[in-house]
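These protein sequence lines map, in sequence, to chains A and B. So for the first sequence, this note's numbering puts the first residue at 25; every next one is plus one. So for the second sequence, this note's numbering puts the first residue at 180; every next one is plus one.
It cannot be assumed that every hint is accurate.
[Stated by the list, open to error] In the BS3-like style, the derived pairs of lysine-lysine whose C-alpha atoms are separated by at most 25 Å in a straight line are:
1) A:K47 with A:K445
2) B:K242 with A:K89
3) B:K242 with A:K317
4) A:K47 with A:K207
5) A:K207 with B:K242
Derived from the structure by calculation, the hints contain no laboratory data.
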Amino acid sequence: MATPEAVAEKKELAGINANYEEKFGFHDPESGYAYKAPKGLSREVVESISEYKDEPQWMRDFRLKALEYFESRPTPNWGGNLGQIDFENIHYFVRASDKNSRDWSEVPDDIKNTFDRLGIPEAERKFLSGVGAQYESEVVYHQVNEKLEAQGVIFTDMDTALREHEDLVRQYWATVIPANDNKLAALNSAVWSGGSFVYVPAGVKVEMPLQAYFRINTENMGQFERTLIIAEEGSDVHYIEGCTAPVYSSDSLHSAVVEIVAKPSSRIRYTTVQNWSQNVFNLVTKRAIAEEKATMEWVDCNLGSKLTMKYPSIYLLGPEAHGEILSIAFAGEGQHQDAGGKIIHAAPRTSSSIFSKSISKDGGRSTYRGLLEVADGASESRSKVVCDALLLDEDSRSDTYPTIRIGENDADVGHEATVSKIGDEQIFYLQSHGLDEEEASKMIVNGFIEPVTKELPMEYAVELNRLIELQMEGSIG
Amino acid sequence: MRLVEHGGLKIGVFNCDGTLYAIEDRCSHDDGPLAEGEFSAEACTVECPRHGSLFDLTTGRPKTLPAYSPVRTFPTAVVDDTIILEV
Numbered sequence: 025m026a027t028p029e030a031v032a033e034k035k036e037l038a039g040i041n042a043n044y045e046e047k048f049g050f051h052d053p054e055s056g057y058a059y060k061a062p063k064g065l066s067r068e069v070v071e072s073i074s075e076y077k078d079e080p081q082w083m084r085d086f087r088l089k090a091l092e093y094f095e096s097r098p099t100p101n102w103g104g105n106l107g108q109i110d111f112e113n114i115h116y117f118v119r120a121s122d123k124n125s126r127d128w129s130e131v132p133d134d135i136k137n138t139f140d141r142l143g144i145p146e147a148e149r150k151f152l153s154g155v156g157a158q159y160e161s162e163v164v165y166h167q168v169n170e171k172l173e174a175q176g177v178i179f180t181d182m183d184t185a186l187r188e189h190e191d192l193v194r195q196y197w198a199t200v201i202p203a204n205d206n207k208l209a210a211l212n213s214a215v216w217s218g219g220s221f222v223y224v225p226a227g228v229k230v231e232m233p234l235q236a237y238f239r240i241n242t243e244n245m246g247q248f249e250r251t252l253i254i255a256e257e258g259s260d261v262h263y264i265e266g267c268t269a270p271v272y273s274s275d276s277l278h279s280a281v282v283e284i285v286a287k288p289s290s291r292i293r294y295t296t297v298q299n300w301s302q303n304v305f306n307l308v309t310k311r312a313i314a315e316e317k318a319t320m321e322w323v324d325c326n327l328g329s330k331l332t333m334k335y336p337s338i339y340l341l342g343p344e345a346h347g348e349i350l351s352i353a354f355a356g357e358g359q360h361q362d363a364g365g366k367i368i369h370a371a372p373r374t375s376s377s378i379f380s381k382s383i384s385k386d387g388g389r390s391t392y393r394g395l396l397e398v399a400d401g402a403s404e405s406r407s408k409v410v411c412d413a414l415l416l417d418e419d420s421r422s423d424t425y426p427t428i429r430i431g432e433n434d435a436d437v438g439h440e441a442t443v444s445k446i447g448d449e450q451i452f453y454l455q456s457h458g459l460d461e462e463e464a465s466k467m468i469v470n471g472f473i474e475p476v477t478k479e480l481p482m483e484y485a486v487e488l489n490r491l492i493e494l495q496m497e498g499s500i501g
Numbered sequence: 180m181r182l183v184e185h186g187g188l189k190i191g192v193f194n195c196d197g198t199l200y201a202i203e204d205r206c207s208h209d210d211g212p213l214a215e216g217e218f219s220a221e222a223c224t225v226e227c228p229r230h231g232s233l234f235d236l237t238t239g240r241p242k243t244l245p246a247y248s249p250v251r252t253f254p255t256a257v258v259d260d261t262i263i264l265e266v
């Protein structure tokens, strides 16, 4: 006898018959927009962004220097085909609304309706400690639980943080990912806008997750949010981000920079459910520092986008720090998910694990690209890397590029990789239990990603399963 | 900034408002040529031109990632208008 929860979930899953275009791929009119920069990147565009935001001189200088770095660095020729991106055919800054509200009723109707359709206000009411909603280049809504604010937790958009907590922002800004780290980080540093700033004081445990939702609406739009999370000693926080965009025939670009600082004995979990439409290039730099006995976890789910290149990394800088990366990539027709993770053990007795799961179908391509490094002096460190790839048909492709560097003799490092296909006998077995072929296939895929979905809050696990089922529709026969 | 060589070792010598500091011309992250990076006499730092790590010239320690290990530093002295590096 099925439990009421199982019946409810099954009912919810059975109701999935809309495609991405209907559910997330709609777009709103741009009639009420406050400002839209002309296409193309130049010193003038960068200066105008800084001027619009009325930034301090040091930030303006930082942006202009970053633009020089961007212009002088070659486009990377590894990973996906970045030669397809026309950097001159992008709007680098689009301000949809003049104000950032703490009340949904004050958000302009079109934008509010979008977030209603995406279920954001409902999620906030049900299970979040705070939420930020970014629409185009800037955050239009932000709210955080009053009790957390009273404890000194700061959760706000990055533009507001720069105005209201400038010293704190400046202390950590670009220390984890400098502007010249790579070409896309330089681009973000030059034209960044929006993103989240989270500061958790020592000893404060944020019980419910904080969430940010990113939405691109305009065609040929570039979204360049910048997120900085600092967890002081002994604190604990879970941050979740989600993202979608309309379906257009021409491309958009999303290039974020996310910097994380986990102080001694703190714990940070950063969960991403990336579901950009298939005309979005998603090129993101994410990096965390974990100090002594701190724990940093990336849970990274990549379902959407045309090309994703993203390798969340963790630098274990203090003794006994721990890092975990859980990565799911789903590559369907026309998609290339070049994902993975990097962990650098730079202190003794540090430990880590990387679990990567990829699913490729209909000619989609998924790549695991990872680095595991045990530096000189990181004695008695332990790590395990597991990469599993599931291919659903002959046309799809999976590649694994693991790099492991070991500088200590007593390191304990394991690496496992598997590539598998859904076997006829597995399908036959499930069919013998009354499932049809498509249901059987979905069940196998859900079982394959279960180690990751079980780490997500329940609402997101259901959503991820739903999204994957959606992607699986019609994949059999 | 002056770049000097001794027995295959390249060393950058920097003048931070009157005090001299010498560090190996090799970033601990990816061997980038530090002496070619942007030098701030006021902050007494140099930024690796390859990936942007910022180094404190007084200690050789990185102030930003991606470098996490210090670069070698060398004691300096000025004797009769001659700069002496202890290698």
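(message) Under the constraints set out in the numbered hints, which ones does this structure not fulfil?
(response) Result: hints 1 and 4 break, sorted rising.
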